[in-house]
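Those protein sequence lines, which keep their order, are chains Z and R.
Per my numbering, the first sequence runs over residues 122 to 260.
Per my numbering, the second sequence runs over residues 6 to 500.
It is worth saying that the hints were derived from the structure and are not from the lab.
From the three backbone atoms N, C-alpha and C, an ideal C-beta is built for every residue, glycine too.
A hint or two may mislead.
To be verified - Restraint-style ranges between C-beta atoms, simulated for each label pair:
1) Z:Q254 with R:R480: 32 to 40 Å
2) Z:R185 with R:V200: 41 to 49 Å
3) Z:A197 with R:A439: 33 to 41 Å
4) Z:P209 with R:V427: 46 to 54 Å
5) Z:P209 with R:A236: 16 to 24 Å
6) Z:F228 with R:V227: 14 to 22 Å
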Amino acid sequence: MPPGSSPSPVEGNQPPPARVRVTAAGTPRPAAPRAALRLDRAPEAPTSDIRGVYVRSLIRSQLRLGLVFAGGFCLATALFVAAIVLVPGLDAQFVAGVPVSWLLLAFGLYPLAITVGVLYARAAARNEARFRQLAEDDA
Amino acid sequence: MNPATGYAAIAVVSLASALIGFYGLRVSRTTGDFYVASRTVRPWWNASAIGGEYLSAASFLGVAGLVLLSGSTGFWFPIGYTAGYLMLLLFVAAPLRRSGAYTIPDFTAARLESRWVRRVTSTLVILVGWFYIVPQLQGAALTVRITTGLPPWAGSLAVAVIVAVVVVAGGMRSITFVQAFQFWLKLTALAVPVVALLIVVAGGVPGLEARAVLAPELAFPVEAGPHGLDAYRTVSLMVALLFGTLGLPHVLVRFYTNPDGAAARRTTVIVLALLSAFYVFPTVFGLLGRAFAPELAERGQADALVLLLPGLLVPGPWGELLTALVIGGAFAAFLSTSSGLVVSLAGVVSQDLLGGSVRGFRIAAVLSTLVPLAVALVTESAGLAGSVGLVFAFTASTLCPVLLLGIWWRGLTARGAIAGMVTGAMLSGGAILASAAGATAAAPGWLRPLVEQPAAWTVPLAVAVIVLVSLADRRRMPRSADAFLARLHVPERLR
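All chains should be modelled from the sequences, with the hints used to inform the complete structure.
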């Protein structure tokens with residue numbers, strides 16, 4: 122698929138995310154002025170408005186997502202290695218002349234890394250789709 | 006080994022790289038083409054190019070050599086090289102693409118609005134690039150020495166000249182094509198010999214019985230396996246490889262050629278899969294070497310395992326053909342990684358010193374090749390995977406923390422970034438120099454691993470210094486920080 126076309130296939134397969142009502146501190150504003158949405162045209166625009174709240178929550182949720190997936194990967198790796206070392210007999214069992222413990226360590230972690238990567242890319246795109254919906258509703 | 010095989014393989018790969026480079030020249034016309042391929046490269050092309058650029062001498066020769074030499078410790082290098090892309094995906098890929106900057110110095114300078122940050126970052130990028138090119142040229146020296154019998158400097162010189170010519174002629178656009186081609190070349194050049202060797206080993210082709218084959222228990226002793234893992238060294242190596250990838254200059258530059266942040270993420274997922282597929286083969290090479298060529302397990306010789314094993318196990322013309330294939334693949338590895346590094350270094354040098362013109366880019370490209378060539382000619386390789394691992398440790402302690410905090414923490418200030426980069430550079434650079442100079446031999450036992458594998462303590466210290474200095478310097482937080490972070494994280498269509 123051409124990279125420029127949108128939305129991405131990942132996002133396109135997702136069910137529309139549940140609508141979330143977000144209220145800013147104080148009275149909700151009717152609609153943010155269009156100019157404030159164009160951040161690259163007005164880099165000094167104040168970010169205390171509702172758009173800024175959305176953006177900060179997007180950054181926070183993307184960071185949390187990254188940390189959760191990174192932590193999950195490290196934990197799973199540690200558990201996997203511990204299992205290879207602790208399960209008895211893996212060193213004495215040979216497949217094609219190579220101990221099973223060696224084969225597991227040599228090839229076992231790549232499927233984990235790919236799985237974590239695919240799941241993360243989906244979740245991150247979902248976060249952005251949610252933000253897009255909020256921002257467009259607001260505009 | 007027949008020297009003609011070596012000459013032929015090297016000539017074909019060099020010629021093919023040059024041709025694709027010149028073909029790309031017709032497509033690249035403007036300065037924008039030259040620098041970032043005008044940001045129109047598709048995810049699959051881009052992912053192949055990233056893989057082609059990333060898989061260096063350390064991956065192609067070093068991994069198998071290390072598995073042969075030190076057993077399952079060697080598995081961690083390819084795992085770390087791959088998982089580094091996972092970290093890149095989780096924390097850097099999309100925001101960095103959206104930043105719109107071309108080099109790491111561009112990014113840090115725009116984020117922190119400071120000329121000094123730019124200077125420090127540029128210096129570090131150039132240092133990292135140089136010391137990453139050196140092992141490539143040393144790998145070339147080893148390959149040429151073993152396959153043709155020519156003196157080692159001929160290999161280093163040949164790679165340096167070809168890289169300079171291709172980069173000067175074509176710039177980034179042509180490099181993207183060259184790199185993508187070279188990924189598939191490298192994969193084929195390892196996969197076909199591995200499959201052939203496995204068939205030979207399983208089928209018992211005549212001639213193989215003559216070779217002394219180690220019994221499995223001797224080829225894969227328990228103490229060299231997962232049971233013998235040194236926990237500190239493994240963790241420290243993983244810190245270096247996981248975070249070092251984020252700061253490699255030639256890796257980051259590739260992300261600017263994606264059309265948008267979401268495409269950058271898709272590209273990275275594809276890269277993860279491509280790298281995982283690739284690393285199966287050097288690993289198998291290492292395992293085969295342990296069982297069938299234990300006599301190669303010496304320092305300086307082990308890195309040649311991939312080049313020598315096909316000739317040892319498969320006699321006759323088929324063996325020569327397989328050998329030619331791996332030599333070609335190895336040369337592709339040196340060429341692609343060095344040219345990727347030279348492109349990104351030339352980008353940094355020419356923008357900072359030579360005004361960012363095409364002419365400046367070309368002068369900078371030649372400069373960026375000459376310095377590492379000089380270093381490679383006067384030093385000797387101490388294991389390709391190991392020396393590349395040290396470059397990762399240095400990057401992880403300097404550029405990576407600033408990049409990560411710059412993307413995710415609005416409180417980062419210019420002084421914090423500079424303090425952290427200088428601290429990380431002094432600590433990790435000092436440790437690397439100390440162990441290179443052999444100072445660790447006299448050190449007490451507990452200190453040795455800390456110096457030889459420093460990332461586990463230098464990276465957290467660098468991060469701590471950045472955060473503390475930035476907090477103390479809070480009044481100088483750039484006023485544009487919020488707007489800049491919004492630009493990094495908000496999807497393009499909503500800007």
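The hints, checked one at a time:
no.: 1; hint: Z:Q254 with R:R480: 32 to 40 Å; in the structure: 37 Å, holds
no.: 2; hint: Z:R185 with R:V200: 41 to 49 Å; in the structure: 44 Å, holds
no.: 3; hint: Z:A197 with R:A439: 33 to 41 Å; in the structure: 35 Å, holds
no.: 4; hint: Z:P209 with R:V427: 46 to 54 Å; in the structure: 49 Å, holds
no.: 5; hint: Z:P209 with R:A236: 16 to 24 Å; in the structure: 20 Å, holds
no.: 6; hint: Z:F228 with R:V227: 14 to 22 Å; in the structure: 19 Å, holds
Taken one by one, the earlier hints all hold for this structure without exception.
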